[in-house]
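In case you want the letters, here they are:
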Amino acid sequence: MNFKDFKSHIEDYCNENLPTNLELKPSSKIIHDTTWGTNLYRPHEVSIINTQLFQRLRHVSQMGFANYVYPSARHSRFEHSLGVAILVEKMCKHINSDKVIITGNDLFSLRLAGLLHDIGHCLFSHTSELVYGHILDSYITEALGDDAPKVAPHEFLSYLIVTSQSFKKYFDQLKKRDSLSSKIDIEEIALMIVGMVKDENRRYLTSFINGPFDADKIDYFQRDSHFSGLPAQIDLDRLFYEIQISNTNTEDVVVRDLTIGITGVMSIEQIMFNKMYLYSSIYNHHKIEALDCMFKGIFEYISESKTNVTIFGREFDFENPISFLKFSEFDFYALANLENDTVLRRMVQNILNRKLLKRAVVINKSTVSVTNGEFLDLFLSTGVNRQQKSIRLREIAKQIHQNAGVSCSPHEIWIDLPKAPNLEEGSSTYVRINKNSDTEIVPIDKFFPIAQFQDLYNNNKRSFYVFCPEECLKEVAAATQNYFQKEHNLVFNNKAFPYGLPVSIKPNTPCQHD
Amino acid sequence: MECIIPEVLIMSMFDTPKDSLTIDVSKFQKAFYHLKKEPEFKDVMREIKFRGSPASPYSEDLDEALSNLQYIHVLSRKNPDLVEYMKAEKFTETWEKLRNGYNVSIQSLISKIGEIIVTSL
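Same order as they appear, the protein sequences are chains A and B. Just so you know, the first sequence maps onto residues 1 to 514 in my numbering. Just so you know, the second sequence maps onto residues 1 to 121 in my numbering.
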């Protein structure tokens, strides 16, 4: 499908999910929230919250399958989006405490960007991005240009929704009804969501929504740690008091962006520490990784077997990313009741019943002897070649399935490479070193050992896994050991096999299995 | 033209008789950001994406690649401040293998990139 056709699908989707008439009695609303307390939403915001487009977010789990490990982590993108709108205003109020820097119209825009930033998230949030994300790559370049920044798949879908004609038309109606300023620019709001700007002089607005210490990140740290029951502390009051806007001159342009005062450095350190903590405890937890692989396996099965997925008469074509906006988590779980496809039914039931894939092999610095440079070729990638690598790893997993001679589906054997947390906060945050000057700024990595954080995480916490169903563990472990030793000269020690040593072979010796 | 993976771009900085380099992360990110804007390198670097402003660009791809190279013992860092990067035991073997995967004209661009980045740090 070309980008033009895809955009027209987005247009239809927005049209179907926006009301034709405005509410009869628009009013502001007070909404209570566990994380940020009791807050007021203005009539135009309520009219956006009330659309089907936004209400859908109630059923998009914020943390994917994390509730299978942290049972109370059942919050959704809905309350997170409400939270970001509130938090961005709190940040601005601190900046405006001495004099008004963020104008009323900018504040309105920021709150709207906060509300809308995740409107493109699909079922199970980042988990579904693993399935549809790569399809959007060429569209992103076409829409945003060769110099487009790194844009997450859901951010791009949010951008397309907000810039659709249907949404603009709806928003124009709201502007008129509530006498909002014509200066509120929906295009600028959409650019904030994808981390872009019309004018570098106004970069700070984007940084509130999409920057190293933005309202989105702070909300999800607080909310995710609260609902998962893992205490994470950030001194937000200190952080907010220390945020200011500074001028940074580059060769050809003046950038006005957010900077942090020297006594706020500790708060950034807390953000980075918490990020590592949440990654190792939640986002990269091996059971959550296993669930993500099970999810990918289901869609791989649907694609390769050319299964028609029809739920209550609605047919889904998963080659088109728009289907992931329409296919809800309810629809996904409804697949467990399909009558005509026992394989698909069983795979979804395994998730519902928490019959998870298990780790046949754990691959990390303490379980493998790297005998040549193949480790980079196989396991390590960046955004530049991740898709290409994942195709190669699927081929290897299918080869392992064949060599193991097991009866499970090949879509249930996965080589999983969790992504390590990035250190954006440490590389792109600037600190004002002189309390009385906005212009004396230095990068934050001069103040604390970001490099050590990264080293410690990589050395002690970064692992790759080979997952399979419980009943095939030893055969898959043996086939994996064999494959990697024969093809790539990688040798595993006993610690690589958490559920016991592979069948018929002794550790660290060539396997006779195949 | 084939895109160069960021691990190779970083390793090119070490393809000199010198065994170590001091890498200031912000300068390192900025140097690659500016290089990508040069017409000569734009195409081979097109997949390396940056976020943030021109004053503080950040590429997750470069960050990840730097980390990958340490994970597989191609580069290592020196205490106490960990900003000095050195070639490690797998450097030569990995460098030759990865660089030889590109054609001669790209190999020459890789060398140029390494030289330019080193002088910008």
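Hints may be right or wrong, so weigh each one.
Sample of chain B residues at the chain A side, in silico, Cβ under 7 Å [to be verified]:
| no. | residue |
| --- | --- |
| 1 | ILE5 |
| 2 | GLN29 |
| 3 | TYR33 |
| 4 | LYS49 |
| 5 | PRO54 |
| 6 | ALA55 |
| 7 | ILE72 |
| 8 | LYS78 |
| 9 | ASN79 |
The hints are simulated quantities; they were obtained by calculation from the structure and are not laboratory data. All of these numbers come straight from a predicted model, not from anything done at the bench. For each residue, glycine too, the CB sits at the ideal point set by N, CA and C.
We went through each hint and held it up to the structure:
no. : hint  : verdict
1   : ILE5  : holds, 5 Å
2   : GLN29 : holds, 6 Å
3   : TYR33 : violated, 10 Å
4   : LYS49 : holds, 4 Å
5   : PRO54 : holds, 5 Å
6   : ALA55 : holds, 4 Å
7   : ILE72 : holds, 5 Å
8   : LYS78 : violated, 11 Å
9   : ASN79 : violated, 10 Å
Checked against the numbered hints above, the structure violates hints 3, 8 and 9; every other hint is satisfied.
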